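Trainee: Residue strings, one per chain:
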Amino acid sequence: MPLKKHHILSAILIIVLSNTLFSQNIRVCKTCDIKTLQGGINAAQEHDTIIIEKGTYKEIDVLVNKPLTIIGKDYPVIDGEMKGEIITITADSVTVDGLFIKNVGTSYTSDYAAIRLKRVENFVIKNLVLEKLFFGIYVEKSNNGKVFHNKIIGDAEEEYNSGNGIQLWYSNNIEIEHNFVQRVRDGIYLEFSDNCIIKNNVSSHNVRYGLHFMFSNDDIYQDNLFEKNGAGVAVMFSKKIKMYNNIFRENWGTASYGLLLKEINDAEIMYNTFEENTIGINTEGSNRIKYIHNNFINNGWAIKVLGACYTNTFTGNNFLYNSFDMAYNSKVNDNEFDGNYWSEYTGYDLDKNGFGDVPYRPVKLFSYIVNRTPETIILLRSLFIDIIDFSEKVSPVFTPDNLLDNNPKIKRITW
Amino acid sequence: MFKILKYSFFDLMRSRWSYVYFAFYLLLGIVLLFLNNDLSKAVITLMNVIIILVPLIGTIFGVMYYYNSKEFTELLLAQPLKRSSIFLGQYLGVAISLSMSLILGLGIPFVFYGLFMSNAIWDFSLLLITGVFLTLIFTALAFNIALSNENKIKGFGYAILMWLFLAVIYDGLFLMSLLFFEDYPLDKLSLIGTVLNPVDLSRTLILLKLDISALLGYTGAVFKQFFGTNFGLIVSFTMLIVWVALPVLRIAKKSKKKDF
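Those sequence lines, one after another, are chains P and H. Under UniProt numbering, the first residue of the first sequence carries the number 1, and numbering increases by one thereafter. Under UniProt numbering, the first residue of the second sequence carries the number 1, and numbering increases by one thereafter.
If you are wondering where the hints come from, they were derived from the structure by calculation, not from laboratory data. It should be emphasised that the depicted structure is a prediction, and the values quoted were computed from it without experimental measurement. Hints are supplied without guarantee of correctness; some may be wrong.
No more than 25 angstroms apart at the CA atoms, straight line, and that leaves these computed lysine to aspartate or glutamate pairs for DMTMM-like [stated by the list, open to error]:
#1 224/H to 349/P
#2 224/H to 191/P
#3 41/H to 392/P
#4 209/H to 386/P
#5 224/H to 392/P
#6 331/P to 182/H
#7 224/H to 250/P
#8 209/H to 275/P
#9 70/H to 349/P
#10 41/H to 158/P
Reference excerpt, derived from the structure (chain P facing chain H, CB under 10 angstroms, subset only) [what the hints assert, rightly or not]:
#11 60
#12 63
#13 278
#14 315
#15 318
#16 321
#17 372
#18 378
#19 384
#20 385
#21 413
Just so you know, even glycine gets a beta-carbon here, dropped at the ideal spot from N, CA and C.
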């Protein structure tokens with residue numbers, strides 16, 4: 001029977017080849033045979049390409065249950081009419097490209113999304129425009145995918161009735177690049193998602209956070225811009241997150257931070273710029289973090305350290321014209337400051353080695369007072385305050401006395 | 001009144017002290033800019049200078065001028081002139097010449113440095129406006145003190161004490177009371193405390209520009225309304241005008257009743 005076996009094998013080969021090499025293109029348009037996206041999917045074989053022509057398609061609960069490539073031509077509109085979820089993907093290797101999805105339904109019991117990926121692998125979601133959404137791109141227990149070049153513009157006002165732009169939940173190895181997220185609850189949200197790369201995104205005007213990590217480890221985010229969010233980036237209960245080259249700007253408000261660290265261990269924060277935030281970095285219960293070569297410019301507080309932060313190192317950062325460089329709420333310090341540039345440093349450098357000869361104390365008495373009685377902030381930059389700050393500097397009583405930079409730089413550090 | 005203003009003004013313009021004052025600001029501006037190489041840092045240093053030094057110089061100059069020109073004033077009083085116009089003329093003469101020294105002294109180096117092309121121009125003009133207001137307020141207060149005290153030494157003493165109180169001691173008491181009452185809601189109290197002192201008032205006005213990100217860190221609706229909107233700016237300016245108007249009115253009133 002060897003001949004027959006051979007036949008079967010080649011038959012299988014032909015079927016596989018014909019499926020991949022000779023995959024069909026299916027056109028969907030208002031005047032075609034197939035008038036809806038769901039119709040196109042139903043008619044398609046695995047690995048087919050569906051091309052959607054320009055037009056408006058009023059559809060919800062579109063189910064993509066086979067590996068397909070869905071391409072929109074000239075941004076066809078998929079309108080959910082505020083009724084519910086729009087596209088759900090349950091098959092591996094799906095690509096969605098170039099759609100304009102709007103009017104996702106709002107619900108208080110289920111998280112309706114513009115696109116939801118459920119337990120799939122190797123997906124690509126790109127060039128989408130999402131408007132009037134609840135949740136945008138919701139990646140659920142899916143791995144090895146890419147989400148890039150999407151534009152998500154929400155109209156969120158309150159936290160309780162809005163959703164996140166891009167949400168990952170139990171999803172690993174996802175690349176999120178070049179997305180533009182605005183006015184949603186959290187721009188990008190990761191929960192239980194490891195080894196993800198978040199790169200070159202712009203996340204602004206979000207109600208809560210520009211980027212939010214929860215219980216996610218070994219992720220990298222770099223070259224992103226976070227502007228005017230409730231808080232720029234919140235990293236919580238996560239390990240080994242790398243944060244490089246991001247810009248955190250104008251996150252203003254009573255509970256606003258450029259970067260919020262809570263229960264974070266072994267992270268690296270390098271080459272970032274924090275500009276004009278109420279609080280540049282707010283860190284709480286975070287250990288062994290390396291802060292290297294960051295710029296803190298014109299923030300209210302450059303860094304605010306709340307309890308239980310141990311063995312963090314701050315080296316080679318620039319602290320420029322912040323109202324307060326540092327705030328500590330305790331007298332204990334286990335963190336190391338070395339070789340930073342502080343614009344408020346008034347010491348001298350007699351031996352000309354580029355480092356000041358007198359140590360710099362970043363925590364002022366006034367920042368301690370403001371911590372205790374916030375209303376006293378109104379006395380900022382008063383002569384009296386300068387006098388008591390000076391006396392505290394000479395003999396520290398209220399602020400940690402071992403908190404000092406022994407090698408403050410004389411010139412601004414460049415890299 | 002304008003004639004007297006003119007005489008006082010030109011008299012002061014010829015005096016050595018105006019030049020010293022002008023030269024001091026010129027030097028300060030140049031040193032700040034060309035040693036610092038950074039406009040925003042210079043503006044912060046300048047703020048400290050303006051808030052402390054301008055009131056001091058206004059006070060001392062006002063008292064000094066009043067006592068020095070006393071004979072001339074008595075001569076004028078013998079003429080058929082309105083008393084209020086004599087004293088207000090002298091007051092404005094001093095205040096305007098001081099303001100001019102301030103504006104020119106600081107303005108010239110900044111203009112040469114390229115102020116018009118930088119975006120610090122608004123911060124800088126706000127600084128100058130506050131400086132002018134402080135000059136007007138403290139010269140008026142100094143005139144008040146001088147009018148009420150015949151004794152020169154006593155007058156100087158009170159004037160310096162007033163400056164010391166408003167510039168330093170007031171903030172100390174203010175801070176103590178805030179700490180003492182920290183269990184109570186304090187945002188209204190702290191705003192009222194600020195408004196009652198012209199030095200604090202001008203400081204807050206400048207803070208609104210320089211440290212807005214820190215000021216917004218405090219959770220209080222009143223604070224938020226005051227600092228987050230133009231409301232704060234408007235209230236501060238109105239209060240500064242009130243602060244000029246009250247002592248000036250008292251000069252007019254006091255001078256009418258005073259025996260010479």
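Trainee: None of the hints should be skipped; say for each whether it holds.
Mentor: Results of checking the hints against the structure:
For the proposed pair residue 224/H and residue 349/P, the alpha carbon gap of about 42 angstroms is over 25 angstroms, so the pair is violated. About 34 angstroms separates the Cα atoms of residue 224/H and residue 191/P, which puts this hinted pair outside 25 angstroms; it is violated. With a C-alpha separation of about 23 angstroms, the suggested pairing of residue 41/H with residue 392/P holds against the 25 angstroms cut-off. For the suggested pair residue 209/H and residue 386/P, the alpha carbons sit about 20 angstroms apart, so the restraint of at most 25 angstroms is met.
For the proposed pair residue 224/H and residue 392/P, the alpha carbon gap of about 30 angstroms is over 25 angstroms, so the pair is violated. With a C-alpha separation of about 21 angstroms, the suggested pair residue 331/P and residue 182/H falls inside the 25 angstroms cut-off, and the hint holds. Distance check on the hinted pair: residue 224/H and residue 250/P sit about 16 angstroms apart at the alpha-carbon level, within 25 angstroms; holds. The straight-line distance between the Cα atoms of residue 209/H and residue 275/P is roughly 15 angstroms, inside the 25 angstroms bound, and the hint therefore holds.
A distance of roughly 53 angstroms separates the Cα atoms of residue 70/H and residue 349/P; the hinted pair therefore is violated under the 25 angstroms criterion. Of the pairs offered as hints, the one joining residue 41/H and residue 158/P is violated, with about 38 angstroms between alpha carbons and a cut-off of 25 angstroms exceeded. Because the smallest distance between the Cβ of residue 60/P and any Cβ of chain H comes to about 41 angstroms, over 10 angstroms, the interface hint for this residue is violated. About 47 angstroms separates the beta-carbon of residue 63/P from the nearest beta-carbon of chain H, more than 10 angstroms, and the hint is not met.
Nearest Cβ of chain H to the Cβ of residue 278/P: about 5 angstroms, under the 10 angstroms cut. The hint holds. At about 23 angstroms, the closest approach between the beta carbon of residue 315/P and any beta carbon in chain H exceeds 10 angstroms, and the interface hint on this residue is violated. Look at residue 318/P: its Cβ only gets to about 13 angstroms from chain H, farther than 10 angstroms, so that hint breaks. For residue 321/P, the interface hint holds, the least distance from its beta-carbon to any beta-carbon of chain H being 6 angstroms, beneath 10 angstroms.
Against a cut-off of 10 angstroms between C-beta atoms, the interface hint on residue 372/P holds, since the closest Cβ of chain H lies about 7 angstroms away. With its C-beta approaching chain H no nearer than about 5 angstroms, residue 378/P sits inside the 10 angstroms limit, and its interface hint holds. This hint holds: residue 384/P has a C-beta 4 angstroms from the nearest C-beta of chain H, less than the 10 angstroms allowed. Satisfaction of the interface hint for residue 385/P is found here, the shortest Cβ-Cβ separation to chain H being roughly 7 angstroms, below the 10 angstroms cut-off.
Interface hint at residue 413/P: violated, since its Cβ lies 15 angstroms from the closest Cβ of chain H, which is beyond the 10 angstroms cut-off.
Comparing the model with each earlier hint shows violations of hints 1, 2, 5, 9, 10, 11, 12, 14, 15, 21; every other hint is respected.
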